[in-house]
Each structure stands twice: as structure tokens, then as C-alpha cells.
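**Student:** Sequence:
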Amino acid sequence: MTLEGGRVAADAPAMKSGVAGGKGGAKAPQVMVRSEFADLVKWAGAIKTNKNGEAEIEIEYPDNLTTWKVKVWALGKGTRVGEGSAEVITSKDLIVRLQAPRFFVETDEVVLSAIVHNYRKDAKEVEVTLELEGGALEAIGATEAKVVISGGGEQRVDWRAVARKEGDVTIRMKAVAHGGGRVLDADDESDAMEMVFPVYVHGMLRTESWSRALLREKDSVSVEFEVPKDRRPGQSRLEIRYSPTVAGAMVDSLPYLAAYPHSSTEHTVNRFVPAVITQRLLRDMQVDLAEVRNKRVNLNPQELGDAQKRASQWRVWKDNPVWSLEEVDTMVRKGIKRLREMRNSDGGWGWFSASGARSYPHTTAVVVHGLTVAKANGASVPDELLNGGVEWLKRYEQGQVEMVRSWKMRKKKTKQRADALDALVRKVLGMAGINEKEMLGFLKRDRVKLPVYAKCLLGLELHRTGDLKERDGVIRNIEQFLKEDRENQTAWLDLGNGGYWWRWYGSEFEAHAFYLKLLAVAKPRSSQASSLAKYLVNNRKHATSWKSTRDTAYCVEALADYLRASGEDSPEMEVEVLLDGKSVKTVKISKENLFSYDGVVIVAGDVLGTGKHKVELRRAGKGSLYVNVYLTLFSKETFLKKAGLEVKLDRAYYKLVPVKAVEDVAGSRGQALRQRREKYQRRKIEQGEELISGDLIEVELSIESKNDYSYLVFEDWKAAGFEAVEQHSGHGGGGLSSFVEYRDEKVSMYVRSLPRGRQNLSYRLRAEIPGTFSALPARAEAMYAPELKGNSDEMKVSVGEGKR
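All residue numbers for the sequence shown refer to the working numbering, where the first residue is 531 and numbers rise by one.
Treat the hints as calculated values from the structure; they're not laboratory data.
The C-beta atom is built at its ideal place from N, Cα and C for all residues, glycine as well.
Errors might be hidden in some of the hints.
Claimed, not checked - Across the chosen pairs, the derived CB separations fall in these ranges:
| no. | residue 1 | residue 2 | range |
| --- | --- | --- | --- |
| 1 | Tyr-1280 | Leu-735 | 14 to 24 angstroms |
| 2 | Gly-682 | Glu-1298 | 44 to 54 angstroms |
| 3 | Lys-1077 | Ser-565 | 49 to 59 angstroms |
| 4 | Tyr-1280 | Ser-615 | 42 to 52 angstroms |
| 5 | Gly-575 | Arg-610 | 12 to 22 angstroms |
| 6 | Ala-789 | Ile-587 | 29 to 39 angstroms |
| 7 | Gln-816 | Gly-1151 | 17 to 27 angstroms |
| 8 | Gly-682 | Ser-1283 | 54 to 64 angstroms |
Given the sequences, and given the hints that come with them, work out the whole structure.
**Tutor:** Here's what the structure looks like:
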């Protein structure tokens, strides 16, 4: 390149070695092909000037024909600084600009365009040629055209092409001028530009998921599905997982509790009590702890992947104290010692121990509850430590009884009704065998005003006292909040805790844990109980714990109660797995091999043939059976359909039609001003509908989640002829809070927290390149849970020519 007056003329390598066109059989000049393009030409961070303050920097410009900005900053001795800037234009008299999508998808039919500029004063006849290399893209019709371009004018030449197969394609466009009555200068009178584009396969790796539960009323369950002909057979995989219980997965939560770094009163008690509960349960099942530690089966059939490897990712198995009697005993001794040190002189507990600390009813109730449960499960708990807390709670409850009793007398210290804290204290004192009929009467009278969490506590206390009629009335009252999902056999309480979510009785998982404890004593073999247990296990954020140490401890306790009451701790069955009527596996499951049986069947590759299939599981014996079936295949069907179980994804395209809108606003002096504002009307775009180049489109992803999940990515694959309106990645996006990355072929939205229910994500596109395109399905995937996947339908859309 040579710099002349701020303008750079491109050298012509072909003319240096070739022969200019002319008469006498001279060869036509070769066209220089521009293929190296860049945004940044050079960065030099340490340039030293001469004594005159001058320096020379050599710059090799890439093949862009554009305006380059040059900026310089200089630092001298002392405080001498300076800066300067200039613009350099790289240009030619005849320029061709290649216009194509950033990518293609198999079966796309697209318009490729060459925009040819003639910067000379006189008109030129220009021969424009399209060349395609690689075989992935094929031109439709002639690839050469001749156009006359006036001086200073431009002309667009279009070709149609179709994407035939996956791979890379090199698109090259050439423009050569003819005429003028003289020998042509090859550099000035010709130009060519080439770029390499990917052609993606029309297909995707899709996972279809099914969930089944085999309870007492049936002896077999089945799943039917169809394997398409158009697929990559080597990537087909059918995985069948089954387990006699999902509650056994509670074992995985113990390392989180044991390793929790803080040492408040609540953390201290919940560090060892769940381990005591779980170890006692396993010992009652006559499980060989040492043997199970070395051989582990994942009791949650919904989780994919190797159980040992997945457990190691969460430090679950290696650091689990439950497999060592000595380790749990040590945890109990340390916990008791710490609680004794933290106890206040009045026998109660506060959050932390310190001089002048006071006791609180909720904290004391949590400690007494934990110590009572630990003692019932065989831990050595000093009577004086436990009894001191019980006496403190008795005094507190008597004070509350007096306050409720004296409400009508309008004394200074009084309250109108029994509350959630009274229900907790009554439940904990009931566990210690302490009765208080008057407080229980107040709670029954005021139960309509209690939050659902407190209703569960009241129901448990009514069961303990033998008042089953009142207990069942409380259960019926709770059931009005119960939601059930038959597709994945889960149930949960729609608590509506928006007004007090931050309070202890607003904890969703604690409320569910105590509801499961209530069902374990009232209806242990009901479908609601098994569905609620499955919901709790599913809602561990696809990790091993819930939201906090306290709700994790209560969930472990509730799952242990359910295991015992439902009989899922002692299965005795033979399970036969059949594929298309043929037996592929038979397994015996009992409490002796509950943590070591083989609960996985995998059929992969060509063995899984094209057509309809049926998976059936038959049970002989007693116990529940939970089943998950996953079909993963690379589908290349003409139309790719949606799939998903725990997370479902729908995608809709909307055309944004501008609407004239005005509004009155206040001016600088308070006067009324009328100004226009941007407003659009949304119109849904149907499959195969034709848009016009320049149309503004809003893409909306509608997400339906059956549970609360964390760390997900939603990838929306664009149609080839569309460009995102927003170009800068960062936090944003419509709907859910997300981090958005705008890429050539897709828009990736990273969501840290996905709440249960229906949520939306959206962004905007603009239709640009004419053609007929396939927008591959949008995809949802949990970053750390491979089984959590879903995808939308694909979208077929056309873009027509707009006004020129």
C-alpha cells in the first residue's frame, strides 16, 4: 500500500507479474481477490521518536475498502503529553461488495447479491461472476451477468442458491469492467471478494424424556415412542433408569451440612442431626455401611450420568460421614459440646453465643426439635441440655397463652390470636411429651389465619394427641393449596408466600418437608405422599441440597419419615425390563442391595432401529418403582419437533408493526408538549409465512418449568437471513434476568435462576437477506444437569424483496 494525501490505492499484484489485456492474443489480467478482512490493523504500544519528536510506523492494510481511523498518544518528560488522529481511506475505482447471510442451514434457499460500485466518471460495462467452492452450496441458474453502471453509480446483481449439505462454502464474487477505448488497468477496472461461510446440518441432538411411577395399584408401566428414519444412527441412545425410591437420595445432602463453614446455633444442630437420622435408617435396614461406601447406585432415576462420577463432582460420596459410626459419633459429641457452650443462662438459645445474648423462641425450638429427633434416633443427648430448652419453651408458651386469653381484657401485653410461632413451639413441646390444651385449642380455633407451614405443624400435633378428625380437617384445608403434575408424578403446595417469604414460616421447602411428615403419619402410601417426596428430591437445584442448612435438614428428616412409613425402605421385588416385548434385563431389588443394584438399561446405536418401539417394566413383589426413560437421537427430519419434560420451550415470532403514537409531556417551563413515541403492534407470524426485507421481528421464548432450577442456557438458533437488532452482549433481554450473547448463528441467554411456572425471554431481529430459511429449534439446557433439556419446534420462514 502507498499513502498519498490520506488516501490509499490498492496495489495490483496480478499486474506486476501478468500481462495487461490488449490485442495480439495478450492474456486478460487476473483479478485480485480480496479475502483478508479485519477490524483492527495495528497496535503499537512502545514507539520511540527521534530528537524531533517524529517516528515512522509501517502499516500493512488488510483487504477492507473502507475508512481507517488512526489515533496516536504521546508522553514526554515531565507533564508533556499529546495526541493526534487521522483518517486513511483504502479504495478502488471499481468495487464489489459480497452480500450473504453469516451462515446457512441445509435446505435453505437464499439470494446472494453482489453490489458493484463504479467510482469513475464514465459508464462501464461490467461482467459480474459468482463462484462457489466446497459443494455445500449450489447456484440455481446462470452464474454470470453483464450490467452497465453509470459513472458514480452502483448496481446489484442477484443469484439464487440452495444449501445442499453440511460443510464450509467459499463464496467468491468478481467484477471486471470492459470498454473505454484503451487497455484496461486490471487493478482499477476489476475487483473480487471472497468469504468462507458455514453450512449447518438441518438437524439436532434431541432428548425426549418420560417419567412413570409404579405404585400399588399396577404391576407394569410402559412408554411408547418412535425413532425417525432421518437420523444419525450412531448417535441414538435409549436409557432406562428405575429405582424403588427417590427418597433414598437424601443421603447425598449430608456432606453439604457437615462441611457448612458457619457455626450459628441452627447450623450447629443441623450439622449432625440429619447424619444421625440417616445412619439410624440405614442401620435399621441392615445396610452394610462399609460395603455401600464402595459401591453406589443413584437412587434418583431422573439423574443421568455415572453415579460415582456425578457424586464426586459434588464431593458427595468421599466426604459423606454417614458411612462411619465413629465419624457420626464424633460429630454428635462436637455438636453437643458447642450447643452447651452457646446455651444462655436461662436454658434457651439465641442465634450466636455472646455476653448479653438473649434467648429466642424460634431458635430454641429449632435446637430442642433437633436434639429430640437425634435422641430418638439413638444419639447420646444429655437430659439436662434438652430439658433446659424444654423448660424455656414451656415458660414462653405459658406467656403466649396468657396473652391470647387476655385479648378481650385489652391488657398492655396481649395478642388477638395464636400464630405460626405458637404452632412451632406447641409441636416441639409435643415431641417432648408436654401437653397444653388451651394453646392447642387456640390454634384449632385460629387455624384459618395460620400460614400453610403452621397448619402442617398443627396437623402433626393433632395426630400426636389422637385427634384424628381435627387432623384430617387440617389436611383437607392444606389440600386446597395442593397442585399435582401427572406427567412427571410430582405434587407441591402453591403457598402464595409473597407477603412473608423472608420469614421462617415463609420457607417453601420447610413447609413441604413438614407437609410430607404429616402425610407420612396420615396417608403414607398415598400418591400425594410419593409425588411430594419426588418433588422435594427434584428441587434440590440439581445439586445435593436445598436453599439452606435448615430446610435441607428438615427435608432429610421428612424423607426418612416417608421412607419408613411408606415401606420404600424395604422393597422386595423383581423388575423385568422389556423392549418391544423382548426381555432385556431382570433385576432383584431388596433392602440388602438397595444401594448397589443395577438400575440402568442402555440401548445404543444401530440396535435401536427405525420405527415404533415400546419400553415396558414389570414388577413382581412389593414396593414402589420410579422410572425415567430418555431417548437421545440426532434427528434430521424435515420438520424438527419440540421435546422436553421438566423444562418445556415454545418459540414464537411476532412482526412489530409501527403505530403512530403521541403523548403529552411537560416542557422545561412546565408547559404541555406533545411528542411522538415509539410504539409497535405485535402480530404473530405463522409457519412458512413470508416477510419483507427490513421487517422488525420480536422473538419470544416461552419457558415452562416444573421446578425451580439454577444455571441454565437458552440458545435460540436464528434463521440465516436475519440479524439481531442489538449487537452488544451483556445483561439484558426481555423477561427473565439473563446474560445475553449475540452470536452469528444464535442468541445465547444464560439464566442464573429459573423459577417454577411460565417465564419469557425475548429479543429482536430484523429480516435482511431474501430467501427461504429454517430457524433450527431453540434449546434449553441446564449447565450442570445433563438430563434437564428441552427444545422448541423449528420455524420455517421466508423473506421477500423490499422496496429498492
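**Student:** Give a verdict on every hint.
**Tutor:** Against the structure, the hints come out as follows:
no. : hint                                      : result
1   : Tyr-1280 with Leu-735: 14 to 24 angstroms : holds, 20 angstroms
2   : Gly-682 with Glu-1298: 44 to 54 angstroms : violated, 26 angstroms
3   : Lys-1077 with Ser-565: 49 to 59 angstroms : holds, 55 angstroms
4   : Tyr-1280 with Ser-615: 42 to 52 angstroms : violated, 38 angstroms
5   : Gly-575 with Arg-610: 12 to 22 angstroms  : holds, 19 angstroms
6   : Ala-789 with Ile-587: 29 to 39 angstroms  : violated, 58 angstroms
7   : Gln-816 with Gly-1151: 17 to 27 angstroms : holds, 18 angstroms
8   : Gly-682 with Ser-1283: 54 to 64 angstroms : holds, 57 angstroms
In this structure, the hints that do not hold are numbers 2, 4, 6, in rising order.
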